[in-house]
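Enquirer: Residue strings, one per chain:
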Amino acid sequence: MMGGYGDVKLLNDDGTRLDGRTVDEMRPVEIKAGILPAAQGSAWVKHGLNVAVVAVYGPMEAHPRKIQRQDRAVLDVRYNMAPFSTSDRIRPGFNRRSREISKVTAEALESVVLLERYPRSKIRVEIEILAAEAGTRCVGITAASVALADAGIPMRDMVVGIASGKIQDTVVLDLDKAEDNYGQADLPMGICPNTGELVFLQMDGDLSIEEYNLATEYNYKAAAEIHEIMVAALKARYDGGEA
Amino acid sequence: MSQGQNGAELRLVTPGSAIGPVSGRRVGTGALIQGDDIIATRVGHVRERHGTVSVDPVASCYMPRSGDLVIGTVIEARSNLWFLDINGPFQALLPMSLAPWKVEFGGTRDHADINDSLLMRVQEVDEVQNVVATMKGIGLRRLAEGAVLTIDVQHIDTLRAEGAALLKRLRDLSDCRLVLADNGRLWADGDAAGIDWLRALLRAVAAAGRSDRFEAILEAHAANAPNQGDA
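Chains as they are written, first to last, in my numbering: chain A, 136 to 378; chain Z, 6 to 236.
One chain only, chain A, in its complex shape:
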């Protein structure tokens, strides 16, 4: 079970959440592409109070040579939370959590990036979380997809990261910090909006089959909305459209 504080009130009497959202309403999302001139591709994503910046470098020669794959590129993803991203200072550098998130993010992105186009090379994806408020791995995946597209890396689809969960026996979309800490379950997913493929799934806590199906439905609906914002950000970068 998550949190462990089952008596914390997370829903108002009228069924809305503490921040006023309905159960199937996500936090506001803003995305910008191409914000870092030194990187081949980059993106800035603000999802609620989460802020992530992603830079993509490469494809480049993979070093050390022992990591090279003769038939495909290697996706080198590094997820890192800035020391000032949370209320308690985080010790700089990588830890077990960041290594785990780097690994699962790389596996999600490998499902869509056409790595076979660049044998023996490496694509570096640097995910930096500047502000954290629950759901940073999802924000990182979304931002990494935009940055990869901005870098011109060929992909079958973009991946949208989004999570649903359960609070007070109610399934809700896009948990905020309090809901994440004191809720009963968390279900982050990586969804390809065009094909509907699920390329990333984790679950923390317990959900019944009905609750899982409802949470998945919420995630797919939110993924479609976020995907529109991702496309708009890329169009604003290259076509002068609205972000």
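No lab work stands behind these hints, which were simulated from the structure alone. Certain hints may be false.
Selected chain Z positions facing chain A (Cβ under 8 Å, derived; list incomplete) [stated by the list, open to error]:
1) Ser22
2) Cys66
3) Val133
Glycine included, every Cβ here is placed at the ideal spot set by N, Cα and C.
Fit chain Z to the given chain A structure using the hints.
Expert: This is chain Z only, laid out in the frame that chain A set:
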């Protein structure tokens, strides 16, 4: 929305977005077939020519092909060969047998040292992207003067279009000798003012990210160009 050369609207697509049904059409670069649909694999503008649908990417990296003229930077010199960065995913290898100099074994650094820029041609690219370069050919040499600037690969066709009209205008305005390589590198030799002007222009073009804005950005910078002659 941007306009194509024939006035038709260019359609910007993103990875995964459907371009249209296959219906007998072939698929070119930047697209692939998924089920019955052609989908984009890159951010770019859709182009359909002679029954082939492709996506002209707005950002891409250099992929070496045999015969390409490239400017490489020496990153490693061994006893009998050099490794060069050619602005792509793969390093190029220049064996001393394909260098224009008489090189003694162990004396490679006497001719081209680390960070030197060399104008070369790609001799061979094998199936796992091993790139072998050669400097045996007319005009291929070590670039001892001038500056090597970077230009996004997708702008190269724009510069070379219509008899390299834009490239000639760049040369006239900057008053520099220019060599445009296929790997997104531009060698400029001239006064510092001309090179600085070129650098600022290419930075603005890179920020815009689109090839069809190159000419407009060039015109905007033309007033500051060091050579305002009859060009």
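Enquirer: With reference to the structure, classify each hint as holding or not holding.
Expert: Verification of the supplied hints:
no., hint, in the structure
1, Ser22, "holds, 7 Å"
2, Cys66, "holds, 6 Å"
3, Val133, "holds, 5 Å"
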